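Chemist: If you're matching them up, the sequences are chains A and B in order. The first sequence stops at residue 303 when you use numbering that gives the first Met the number 0, and every number in between is there. The second sequence stops at residue 303 when you use numbering that gives the first Met the number 0, and every number in between is there.
In case anyone wonders, no lab produced these hints; they're calculated from the structure. A hint or two may mislead.
No distinction is drawn between identical chains; accordingly, a pair holds when it is met within one copy or between any pair of copies.
[Said to hold, decoys possible] Only pairs whose alpha carbons sit at most 30 Å apart, straight line, appear in this in silico DSSO-like list of lysine-lysine:
| no. | residue 1 | residue 2 |
| --- | --- | --- |
| 1 | K235 | K8 |
| 2 | K5 | K23 |
| 3 | K298 | K169 |
| 4 | K297 | K252 |
| 5 | K139 | K241 |
| 6 | K241 | K8 |
| 7 | K159 | K16 |
| 8 | K235 | K159 |
| 9 | K252 | K169 |
| 10 | K241 | K23 |
| 11 | K284 | K170 |
| 12 | K252 | K170 |
| 13 | K284 | K23 |
| 14 | K241 | K298 |
| 15 | K169 | K146 |
Being a predicted model, the structure only gives us computed values, none of them experimental.
The primary structure of each chain is shown beneath.
There are 2 protein chains.
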Amino acid sequence: MLDELKNLKEQLLFQEKFEQGYFKNIVIAGMGGSGIAGSIFSEIYDESPVEVVSDYTIPSYVNSDTLFIAISYSGNTEETISAYREAERRGAQTAAITSGGTIGKICRNSLIIPGGLQPRSALGYMLVPLISSLMHDHSKDLREASKVVENLDMMNDRIKEEAAGLVKAKKLPVIMGFKPFKSVAYRWQTQFNENSKLLAFSASFPELDHNQIMALESSYGKENLAFYYFSGSSGKVRERIKFTIDLTGIEAKQIPVEGSSRIAQIMHLVHYGDYFTYYAALERKIEPRDVTTIEKLKKLLSQF
Amino acid sequence: MLDELKNLKEQLLFQEKFEQGYFKNIVIAGMGGSGIAGSIFSEIYDESPVEVVSDYTIPSYVNSDTLFIAISYSGNTEETISAYREAERRGAQTAAITSGGTIGKICRNSLIIPGGLQPRSALGYMLVPLISSLMHDHSKDLREASKVVENLDMMNDRIKEEAAGLVKAKKLPVIMGFKPFKSVAYRWQTQFNENSKLLAFSASFPELDHNQIMALESSYGKENLAFYYFSGSSGKVRERIKFTIDLTGIEAKQIPVEGSSRIAQIMHLVHYGDYFTYYAALERKIEPRDVTTIEKLKKLLSQF
Chain A
0 MLDELKNLKE QLLFQEKFEQ GYFKNIVIAG MGGSGIAGSI FSEIYDESPV
50 EVVSDYTIPS YVNSDTLFIA ISYSGNTEET ISAYREAERR GAQTAAITSG
100 GTIGKICRNS LIIPGGLQPR SALGYMLVPL ISSLMHDHSK DLREASKVVE
150 NLDMMNDRIK EEAAGLVKAK KLPVIMGFKP FKSVAYRWQT QFNENSKLLA
200 FSASFPELDH NQIMALESSY GKENLAFYYF SGSSGKVRER IKFTIDLTGI
250 EAKQIPVEGS SRIAQIMHLV HYGDYFTYYA ALERKIEPRD VTTIEKLKKL
300 LSQF
Chain B
0 MLDELKNLKE QLLFQEKFEQ GYFKNIVIAG MGGSGIAGSI FSEIYDESPV
50 EVVSDYTIPS YVNSDTLFIA ISYSGNTEET ISAYREAERR GAQTAAITSG
100 GTIGKICRNS LIIPGGLQPR SALGYMLVPL ISSLMHDHSK DLREASKVVE
150 NLDMMNDRIK EEAAGLVKAK KLPVIMGFKP FKSVAYRWQT QFNENSKLLA
200 FSASFPELDH NQIMALESSY GKENLAFYYF SGSSGKVRER IKFTIDLTGI
250 EAKQIPVEGS SRIAQIMHLV HYGDYFTYYA ALERKIEPRD VTTIEKLKKL
300 LSQF
């Protein structure tokens with residue numbers, strides 16, 4: 000697993016693009032560790048509407064004006080294959096990012112990425128082509144992202160301690176994000192799920208100030224949760240984070256962000272979570288790579 | 000509060016529409032109890048891209064081809080006002096659904112809805128105009144929705160018992176939705192937050208089968224959580240729910256859905272959650288209407 004984590008810095012320098020023409024909107028289909036690439040992309044790209052679909056079906060507006068991108072690391076995700084076939088029937092412009100599988104075969108405009116990793120360890124390979132193909136030149140930001148990620152590879156003892164602290168206290172993590180780190184908070188949640196086999200939850204400012212704040216103050220059970228938020232906020236959101244913590248009296252730990260570009264900051268926080276959840280697994284004496292239950296479920300479903 | 004809950008059946012028969020012309024995409028801005036109207040709408044409407052913004056800023060693609068709809072029950076939500084002003088500057092076609100306030104003043108195309116309720120108790124007034132203005136005739140479905148909601152008003156003793164059971168066991172709820180009930184799961188989460196002052200979490204099939212399932216099996220702390228899922232699934236999703244429960248061994252309670260149209264089903268589940276969270280508050284001897292901390296936060300922010 001550690002080898003896989005250390006592979007991210009190279010993934011961020013991945014140079015391949017997929018072909019695309021003129022479109023009016025983008026629909027990205029992907030599940031779990033593959034879908035998150037679309038969600039992160041949708042937070043930094045806003046030149047046209049982007050909808051990320053994590054389901055079997057796609058919205059009925061999809062047509063020849065739509066750029067439909069299927070992301071499936073294995074290429075065999077049943078929801079994504081189903082969504083892809085529907086997009087083809089609707090005449091959408093299609094592309095795929097995959098290491099092969101069924102999608103690699105059925106989509107002529109497939110960008111084939113290196114295989115052999117856990118999908119959640121291949122985020123760079125799935126995210127970078129979206130940025131390179133659809134946004135103006137961000138190669139400088141991606142080089143910076145690669146650098147901050149490499150720094151974390153070399154120095155992460157503090158994260159190991161934090162993760163051990165969480166597990167020893169038997170607390171479940173709640174990660175509070177804000178734009179453009181909402182998807183990063185969700186990525187942490189899913190990495191806790193898959194790597195550490197821990198339930199985890201995410202929320203975002205300013206939305207949580209309209210509802211969750213009432214529970215942060217006086218819910219029972221909050222002593223079983225550990226709250227985390229990211230540094231790097233500014234303006235009203237920064238004040239909201241401060242006031243929310245003050246008013247509710249929760250203990251919330253700040254996760255430091257590094258990098259000057261948004262992409263570097265996002266990847267730094269993503270990778271911080273990769274290590275956090277990896278070390279939480281080790282502290283629990285659990286194999287972080289193991290996803291047996293997901294495999295069992297796929298087998299059961301394939302008989303259906 | 001009970002009076003407010005019993006008002007929903009009338010709200011679903013609300014006849015007003017807002018004006019709109021030709022557009023290519025929709026952006027809906029709204030926070031908390033107002034924003035959820037946009038989220039529910041975006042699950043049943045898919046004739047053009049819809050993005051729900053719960054933040055101060057809007058995506059840069061917003062222009063004269065965009066129908067921008069601000070939803071703020073009070074009309075004074077700072078994020079929504081900020082988003083609205085940006086949409087006007089970009090030349091978007093604007094509309095608003097509000098009981099008045101600043102937005103009622105600055106938006107000429109405001110649909111003024113009855114005031115005096117908690118925003119979260121006015122969901123019908125905010126959702127129905129979206130359906131009536133933007134979708135083909137759904138008046139029959141809305142009448143059915145009004146009927147199933149009224150049935151719940153008359154008979155909800157079972158919900159009271161379930162809510163009491165949750166609170167007595169000191170468990171926090173995790174609501175597992177699926178399309179078109181993903182936003183309903185989130186609505187339950189926020190109603191637990193605001194009405195019951197309880198932390199609550201939501202997730203959705205099939206996405207959760209790609210990550211959370213690993214934690215459902217072997218996370219510590221799962222004994223402190225109560226899992227709920229909605230009936231009414233079909234096909235692969237139905238199988239996924241069954242297999243997920245079987246494989247992980249979680250105890251998950253099924254919430255029954257009623258109604259034949261999707262809109263009636265959605266409103267039945269919404270209202271079931273309204274009663275569930277109301278009764279959970281009573282069991283905790285907590286005033287469900289109280290949102291003092293949110294008011295305190297607004298005051299602090301207004302000084303900033």
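Chemist: Does each hint hold? Answer for all of them.
Modeler: Verification of the supplied hints:
Taking the closest pair of Cα atoms, K235 and K8 never come within 30 Å of each other, the shortest separation being 33 Å inside a single copy and 37 Å across copies. For the homomeric pair K5 and K23, neither the shortest alpha-carbon distance inside one copy (37 Å) nor that between copies (43 Å) is at most 30 Å. Proximity of K298 and K169 under a CA criterion of 30 Å is satisfied in neither setting, with 32 Å inside one chain copy and 36 Å between copies. With identical chains, the CA atoms of K297 and K252 are at most 30 Å apart between copies only, with a shortest distance of 23 Å across copies and 37 Å within one.
Within a single copy, K139 and K241 get their C-alpha atoms no closer than 33 Å, and across copies no closer than 48 Å, so neither meets the 30 Å cut-off. Taking the shortest Cα distances, K241 and K8 never come within 30 Å of each other, neither inside one copy (33 Å) nor across copies (40 Å). Within a single copy, K159 and K16 get their C-alpha atoms no closer than 36 Å, and across copies no closer than 56 Å, so neither meets the 30 Å cut-off. Taking the shortest Cα distances, K235 and K159 never come within 30 Å of each other, neither inside one copy (32 Å) nor across copies (39 Å).
Taking CA atoms no more than 30 Å apart as the test, K252 paired with K169 passes in both settings, with 16 Å inside one copy and 25 Å between copies. For the homomeric pair K241 and K23, neither the shortest alpha-carbon distance inside one copy (40 Å) nor that between copies (39 Å) is at most 30 Å. Both within a single protomer and between protomers do K284 and K170 lie at most 30 Å apart by alpha-carbon distance, with minima of 16 Å and 27 Å respectively. For a Cα distance limit of 30 Å, the shortest separation of K252 from K170 qualifies both inside one copy, at 13 Å, and across copies, at 24 Å.
Neither within a single protomer nor between protomers do K284 and K23 lie at most 30 Å apart by alpha-carbon distance, with minima of 49 Å and 52 Å respectively. Taking identical chains as interchangeable, the C-alpha atoms of K241 and K298 lie at most 30 Å apart only when they sit on different chains, with a minimum of 14 Å there against 47 Å within one chain. Proximity of K169 to K146 under the C-alpha cut-off of 30 Å is found in neither arrangement, the shortest distances being 33 Å within a copy and 46 Å between copies.
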